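Chemist: Kindly produce the complete structure, drawing on both the sequences and the hints.
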Amino acid sequence: PTRSLTVDAASVLYVDDDGQRWRLPRGDAGFDEPGPLGPGRTLREVVTERDLMLAHGTFYEVPARNAGGFAKVRPIASHSLRIHDFASYRGLLVMSGTRTDAPASPRLRSAERATVWCGSLDELWELGKPRGEGGPWLDTPVEAGVPSDPYLMTGYDRKHVRLSHDAAHPVRITLEVDALGDGSFRPWQRLDVPAGQTVEYAFPEGFHAYWVRVVSDTTSTVSARFLYD
Numbered sequence: 001p002t003r004s005l006t007v008d009a010a011s012v013l014y015v016d017d018d019g020q021r022w023r024l025p026r027g028d029a030g031f032d033e034p035g036p037l038g039p040g041r042t043l044r045e046v047v048t049e050r051d052l053m054l055a056h057g058t059f060y061e062v063p064a065r066n067a068g069g070f071a072k073v074r075p076i077a078s079h080s081l082r083i084h085d086f087a088s089y090r091g092l093l094v095m096s097g098t099r100t101d102a103p104a105s106p107r108l109r110s111a112e113r114a115t116v117w118c119g120s121l122d123e124l125w126e127l128g129k130p131r132g133e134g135g136p137w138l139d140t141p142v143e144a145g146v147p148s149d150p151y152l153m154t155g156y157d158r159k160h161v162r163l164s165h166d167a168a169h170p171v172r173i174t175l176e177v178d179a180l181g182d183g184s185f186r187p188w189q190r191l192d193v194p195a196g197q198t199v200e201y202a203f204p205e206g207f208h209a210y211w212v213r214v215v216s217d218t219t220s221t222v223s224a225r226f227l228y229d
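First residue of the sequence shown? That's 1 in this note's numbering, and the numbers climb one at a time after it.
To be clear, the hints were calculated from the coordinates, so they are not data collected in a lab.
Be a bit skeptical, because a hint or two may be false.
Each pair of labels, with its calculated beta carbon distance range [what the hints assert, rightly or not]:
#1 Pro194 / Thr100: 51 to 59 Å
#2 Gln197 / Thr100: 44 to 52 Å
#3 Gly38 / Ala111: 15 to 23 Å
Quick list of in silico lysine-lysine cross-link-like pairs, DSS-like style, CA-CA up to 30 Å [what the hints assert, rightly or not]:
#4 Lys129 / Lys159
#5 Lys129 / Lys72
#6 Lys72 / Lys159
As the structure is a prediction and not an experimental result, all values here were calculated from the model.
Quick reminder that beta carbons are idealized off the backbone N, C-alpha and C, glycines included.
Modeler: See the structure below:
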C-alpha cells in the first residue's frame with residue numbers, strides 16, 4: 001500500500017486508518033524516487049500481530065492496534081539498500097532486490113526469475129543503527145499556537161534540532177514531547193530564535209521520548225529540522 005505513506009521535502013508522512021498524521025525521518029535522498037522495479041513494499045505482517053514497515057531506508061516495527069498501534073512504532077535499522085519486497089516464510093524473513101552479481105552466500109536462494117535473501121528477522125539490526133533527518137516543518141507556513149504533526153524520536157541515539165523562521169522579530173518556539181507514546185505531550189524546551197538566525201539545540205545524552213512536536217508563538221514560516229545519528 002502506498003496511499004498511507006508519502007515523502008515530502010520535510011519528512012516521511014504516514015496517515016493511519018483513523019486519519020492521524022505521523023512524521024518519520026528521511027533517509028538517503030536516493031529513496032525519493034522509486035527503484036528500478038517500481039514502488040516497493042511498505043508494510044506487511046511478518047510476526048504475529050507485529051508489522052514490519054520499510055520507509056525511506058529505515059525498517060520499523062509496528063505493533064498491532066491492541067498493543068499501541070502506530071503510536072508505539074520503533075525503528076529497527078537504517079540502510080541504503082534497494083529492498084523491493086519482504087515477507088515471512090516458514091519462520092524466515094525473505095527479501096527481494098538482490099543484485100544479480102551478488103557473491104554466493106548461504107543466505108541467498110536463487111530461482112528462475114529472482115534471487116532472494118533468507119534469514120532471521122533479528123538480522124535486520126545488523127544493517128546499521130537507526131538514523132535520519134527531517135522534521136514536521138520545512139519552510140512551512142504555521143499559525144501561532146498550533147502544534148505540528150508528531151515527529152518520531154524514540155530509538156535514535158544523538159538528537160539535534162535546528163530552528164529558523166522568516167519573521168522580522170524573535171520567535172519563541174516550544175518543543176513538546178510525548179514520553180510514553182500515549183499522546184500526552186508536555187513542554188520540554190522553549191527556545192527564542194532571533195530573526196534571520198538558526199538556533200541549534202542538542203537533546204541531553206540518553207534523552208528518551210516517543211514523539212516530539214513543535215509550536216511557534218508567532219504566525220510565520222518556520223523550519224524545524226531534527227538530525228538523528
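Chemist: Would you mind marking each hint as holding or not holding in the structure?
Modeler: Evaluated hints:
1. In this structure the hint that Pro194 and Thr100 lie 51 to 59 Å apart at CB holds, the actual value being about 54 Å.
2. Between Gln197 and Thr100 the beta carbon distance is about 51 Å. The supplied range of 44 to 52 Å therefore holds.
3. Distance hint check: the CB atoms of Gly38 and Ala111 are about 20 Å apart, consistent with the given range 15 to 23 Å.
4. Of the pairs offered as hints, the one joining Lys129 and Lys159 holds, with about 14 Å between alpha carbons and a cut-off of 30 Å not exceeded.
5. A threshold of 30 Å between alpha carbons decides the hint, and for Lys129 with Lys72 the separation of about 18 Å falls inside it, so the pair holds.
6. Straight-line distance between C-alpha atoms of Lys72 and Lys159 comes to about 19 Å, which keeps the hinted pair within the 30 Å bound.
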